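Peer 1: Given the sequences, and given the hints that come with them, work out the whole structure.
Number of protein chains: 2
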Amino acid sequence: MRTIHRKGNYSLLFLILFVQINCFMPAEVFGYNTEDTRETNQIPLSWEVGFHKEKSQTPDRWYTATVPGAVQLDLLSTLENPDWHFADGYKQFIWMEDVFFTYRANFQKPVLSANQQLFFISKGIDYRFEIYLNGTLMLEQEGMFTHVEVNLTPLLKKDNELLVTIYPVPKSNQRHTDRSQADHSFKPAVSYGWDWHPRLVPSGIWDETCLEVRNADYIKEMDYSYELDQKLEAATIMVQGISSNQKGTARLEIYFNNNPVFEKESEVNNFSFSLSGNLEDIHPWWPYEMGNPDLYDFNFELISSDGIVVDHKSWKNGFRRVRLVENRGAIAPNELFPKSRNEPPFTLEINNVRIFAKGTNWVNPEVFPGILTRERYEELLELAKGMHFNLLRVWGGGIVNKESFFELCNEMGIMVWQEFPLACNNYPDDPSYLTVLKKEATSIVKRLHNNPCLVIWSGGNELFNSWSGMTDQSLALRWLNSICLEHSPGIPFIPTSPVMGVGHGHYIFYDKNKDEDVFQMMYRSHYTALTEFGMPSPSDPEIIHKIIPENEWFPPSPTEAWKAHHAYGAWVGETWLCTDILEKYFGKAQSLEQLIEWGQTLQSIGYKAIYESARQKWPYCSMALNWCFNEPWPTAANNSIIQYPALQKPCFEAIKQACRPVMASAVIPKFLWYKTEVLKINLVMINGSGETIPEGKMEVWVNGRPVDQWDYPEVQANRNVNGPAVEYQLLELKDQWINLELRIPGNNELNSDYKLLVR
Amino acid sequence: MRTIHRKGNYSLLFLILFVQINCFMPAEVFGYNTEDTRETNQIPLSWEVGFHKEKSQTPDRWYTATVPGAVQLDLLSTLENPDWHFADGYKQFIWMEDVFFTYRANFQKPVLSANQQLFFISKGIDYRFEIYLNGTLMLEQEGMFTHVEVNLTPLLKKDNELLVTIYPVPKSNQRHTDRSQADHSFKPAVSYGWDWHPRLVPSGIWDETCLEVRNADYIKEMDYSYELDQKLEAATIMVQGISSNQKGTARLEIYFNNNPVFEKESEVNNFSFSLSGNLEDIHPWWPYEMGNPDLYDFNFELISSDGIVVDHKSWKNGFRRVRLVENRGAIAPNELFPKSRNEPPFTLEINNVRIFAKGTNWVNPEVFPGILTRERYEELLELAKGMHFNLLRVWGGGIVNKESFFELCNEMGIMVWQEFPLACNNYPDDPSYLTVLKKEATSIVKRLHNNPCLVIWSGGNELFNSWSGMTDQSLALRWLNSICLEHSPGIPFIPTSPVMGVGHGHYIFYDKNKDEDVFQMMYRSHYTALTEFGMPSPSDPEIIHKIIPENEWFPPSPTEAWKAHHAYGAWVGETWLCTDILEKYFGKAQSLEQLIEWGQTLQSIGYKAIYESARQKWPYCSMALNWCFNEPWPTAANNSIIQYPALQKPCFEAIKQACRPVMASAVIPKFLWYKTEVLKINLVMINGSGETIPEGKMEVWVNGRPVDQWDYPEVQANRNVNGPAVEYQLLELKDQWINLELRIPGNNELNSDYKLLVR
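Protein sequence lines, in the order shown, are assigned to chains U and E. If you're matching positions, the first sequence starts at 1062 in the working numbering and goes up one per residue. If you're matching positions, the second sequence starts at 1062 in the working numbering and goes up one per residue.
Hints were generated in silico from the structure; no laboratory data involved. If you're wondering where the values come from, they're calculated on a predicted model, not measured in any experiment. Hints may contain errors.
For chains that are exact copies, the list does not tell them apart, and a pair is met inside one copy or across any two.
[Stated by the list, open to error] Only pairs whose alpha carbons sit at most 27 Å apart, straight line, appear in this in silico DSS-like list of lysine-lysine:
| no. | residue 1 | residue 2 |
| --- | --- | --- |
| 1 | Lys1377 | Lys1758 |
| 2 | Lys1281 | Lys1507 |
| 3 | Lys1795 | Lys1816 |
| 4 | Lys1717 | Lys1400 |
| 5 | Lys1400 | Lys1575 |
| 6 | Lys1400 | Lys1645 |
| 7 | Lys1292 | Lys1232 |
| 8 | Lys1731 | Lys1400 |
| 9 | Lys1400 | Lys1573 |
| 10 | Lys1308 | Lys1116 |
| 11 | Lys1816 | Lys1649 |
| 12 | Lys1308 | Lys1325 |
| 13 | Lys1377 | Lys1500 |
Peer 2: Now the structure itself:
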């Protein structure tokens, strides 16, 4: 039992405030420079792991296991070539899908006082598993997101053996070795193979796991929620939960910038407690570039009848109001009878301010999520922020991330759209699937709903498209809506993306079936949001050199190595290398380096074009999220902006330019021009900031010569002003490239430039 | 306490099987020719009612009250002209909106044995009310759909006074005297005024109400549900609930055609019971014209430890499987990137068969729903069935009907789409509104979900349109979805109508803004379902004579009387009389009779055109429901097919023709032709039946002369076959009308004919 002074020693309290559920981890894992002086109540375990064909068997051999991690990584030494990133080396793991794995940890019974108990605790075991203590089955579970908590005390001996047996990877069918095998489980589908992810399905203990000594009196359940008034001035704070003791006191303190701002106590009554109160003068949590992502420190204590703090939880929380509201212009009455419905709302409104969401689709940063750390998340999130991204769509093919991901997004002011792990399949109305879905989704929603960064729940990816076949009537999606409503009514829920009015695609620079390039596509298209759009490029030479055998480097061809790394056969045409498209514009490449440079150039131009075009259409269009931000392993070619593990492609700088809050911008109807044509563009002043910008002058330059100018007026916050059309006779040009520049004299940071091809 | 032999005397059991909750009504109210030999445990009450300005007051005068009914009708004698249907007489009721009403019933304490209790029970009190016994407040409730059950026993005296005080009509604002005043309550919005309903808001006890003597042991709660297997062969039957006694036995028997087919017992355990079992060889419930609407008889008994049946419930139930599935052709891949989503599914599939739903929008058949009886429902439902209608959309502006409505639909095989009472308003995310909504909706869903006739739940009417402004994020609709999912997962839920791909309108024969008639609109339009389309006509002369002062009969003009009865000022143009449209086609009418004949002719032609055109587009279009079937009071002009109370308009016969399961049909591009033109039509053979029809010959006749023919092939069940185009030189015609006939020699019942104008 830990004893903490209840008053006075606030500094001590602060030391532990960052740890959401304090028992799990040493504080240094979170990377804070604080010293945790509490008595520890955790006991780490040493693990081994092995495989076996039948559940009843035991492994022939035990390998040292890293927890959290993945069984595949623990067995790396068994592979012919442990560098599984190279060529098609990932195929070496295939056999591991169909065997059982058992983890083993032996430990001695710790010293427990009379009223103490020993729990086995894990934040995630992937996917179906059983837990045994000294031969007795303690827990069976299907699902990697529901925390595990097993009281070991009654069966403890002096020397104990803890076993965790993991079932083979779930597969709903044996006909197809693809994502369809994931359509009856709550396991992320991506690892069953995707056009940018190898077929490699992780298994094992993938999040923090330890033994924990608990007092007889502890917090069995606790739920915190708040309601913020519409003016963002005051919040009603509510905490309720269950104690293991039928009496005692529950106590909540809240601090802002180290100052106590709230304190409330309530008696435990018949094992349950409930307290509420008002917090005034709220400092709202604002996303990055809109304000400060202010967080409050919460400390909740359970106090025994004799005044001892027997358990406590500490966390950070911010207060914000989020809604999805109708896009401006989307509710214009439909002119024709019969009339259908308005488009669904897709503009994010944060703290009563409508915003254009600039962002990206976040995918698993590792094939094996078990090795993800706060540091890995942090380096990637810094890169996202570096491009002015304010929204991450955490795509439904992947995992729900570990807690440090959300903590970082809260702190950095990056908004998160969280999908449940359903993607591109028809998840059935099957009772056993729905039972797992309800349990897992409830765990996820209850755990995450208080993160201020979380602004959208989504059922999953592309479920209402022909390749998936789910509908508004699918029970899985109705249950997810219902579970989010019950536990997280303050956060919008969408059944999937895209919904009506929202677009996914295109994923290439030029569509030969339509004879349409990305500028042309954007010029005609009219969407409330673009929540996926891709633009592939090859990876840097250094990466390709590491994953492709040297004799295959140039010219590239659809060998197993190039295909394994998504250069060929990933999707339509020659994706994702797109040599056909490069050849159309630039001719045949003479070296790998030239091919890569050309591909990366088109990627930069294409991404910049889409982000800017979407922003030009604000407020009707209110969101632009590229596909995709990162990648889980080194690829030969991919739509990613960030190469594995955290390396910028050149498009990083182009996107950063296209997402500046305030900027000059040009509406450009196409990429490829002929010298017999007149270049026609339109000017726009984009103000995505919260402040009015003064009137000024925008100059238009073509290949270094001034051709026109526009005296633009004052532009209000979060508004665009459309300027005049500008025309230019291309006959005069000598170059292969049109270098179009928009210059704002005296405000060079608002300048923009564009590269277009001319023949 | 009633004692029933538990075995052997099945005939006695059958006598009571029809009564869903046996205690409420004498069996003869349901119209069955059975004799109920049970001891009665109900005690009717004699009621008086009066009004007062403040809640604390008592009425100055008491009027005899009819229960169920409405306070307005009890106070008819206070009106200057009690014939409130005449002219604008409905305005006499306006003052009653803003006063309190109190019902009073005095009764003597009945003889109760030691373990008996006396309950006050009501199936509906409209809208907000308080119940007092001998001056003590027993219950407060907001909401007219949650049954009331009050144990009066503890406060009973020899002479008792029961008071029910009804609050003034709920109004969320005083600015507008219209439907917007209903936007914070769960009260049907229609009575606040609609383009076919007077502003007249009912109040009072509107459904069955009595005292009831209960044993100490009774069924406190009971829920029955089933799961039917996909092959429709076997059902899992589940009953669970709560007894007032912690011990005893629960017993369920099921009979089909008087033969026992299921029997199961289960012990009551700590006040709750739960039993389940399989029923084999299911005879599914089929809608009208698809098969038999077979029903099973259920008898549930609660049996005390000494073998006495202390309480029981009996009901009828049918087994069917219902889904909303994707319309054929609606999931074709969208050709253009960016891609959005598939249209939501809108084809009803009943017992694994996709159907075209032919039907109508059902509105309250009375301004005061309290006076609705089984007989009123029955005469209207027979008329619906007479037009081959298989689906009624019970529109969300009105009430959820009384139980006899659903019993009749079950028995007659008519499917019901039930909306919750939300319509054309923006119902808010307000916690107090949501609390009432959740309570009321849960009551409705738990009570109705087992009716086999019920095939769609809908959040309400036109909530995603610009005039309402709700969205997919509105908490009210998310809660309704969630409540339906929890208690009625087997029935599809849609948030509102129209959803994406579904159309509402048009409501006139000719749109002068578009210069488009109903044939032209249908020729171009492409919807998965048409769930509202109107075609107005004047009512019969006899009705108009009763509601319009004689000196205003002809020519009609926008007087208060004509406006009150929706002939003018109801909607756009001169609706619903549409003299402008009649004049366009026929010139100025010379008499009221001629005007009515013309209007009713256009209505017949227009409705026939829409039903047939929608059916021609099967399977992409899968539903056609006109606006509206009936009306709550006599109108001068309206879109209704059935005039108040239950009189056919001439369009009845035209619609009946257009909805025959099998028929010849013509695709007609427009209504008004010129003699310089060539009439061009296309032929279709429609087979909406479950059986293949053999090949045959279709002859095309124009004004009595054969002009073409088509040898049509065999047509499979639920399929159409498109035939050739037919052309005809109109120059030859001498008449004002084109009389187009399609004749099937030897199968005259499949013939069709059309009237088109020619100049």
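Peer 1: State for each hint whether it applies.
Peer 2: Against the structure, the hints:
no.: 1; hint: Lys1377 x Lys1758; verdict: neither (46 Å within a copy, 79 Å between copies)
no.: 2; hint: Lys1281 x Lys1507; verdict: within (14 Å within a copy, 33 Å between copies)
no.: 3; hint: Lys1795 x Lys1816; verdict: within (14 Å within a copy, 70 Å between copies)
no.: 4; hint: Lys1717 x Lys1400; verdict: between (42 Å within a copy, 26 Å between copies)
no.: 5; hint: Lys1400 x Lys1575; verdict: between (31 Å within a copy, 14 Å between copies)
no.: 6; hint: Lys1400 x Lys1645; verdict: between (44 Å within a copy, 25 Å between copies)
no.: 7; hint: Lys1292 x Lys1232; verdict: between (50 Å within a copy, 26 Å between copies)
no.: 8; hint: Lys1731 x Lys1400; verdict: between (35 Å within a copy, 20 Å between copies)
no.: 9; hint: Lys1400 x Lys1573; verdict: between (36 Å within a copy, 17 Å between copies)
no.: 10; hint: Lys1308 x Lys1116; verdict: neither (44 Å within a copy, 44 Å between copies)
no.: 11; hint: Lys1816 x Lys1649; verdict: within (20 Å within a copy, 68 Å between copies)
no.: 12; hint: Lys1308 x Lys1325; verdict: within (17 Å within a copy, 44 Å between copies)
no.: 13; hint: Lys1377 x Lys1500; verdict: within (25 Å within a copy, 35 Å between copies)
In this structure, the earlier hints numbered 1 and 10 are contradicted, and the remaining ones agree with it.
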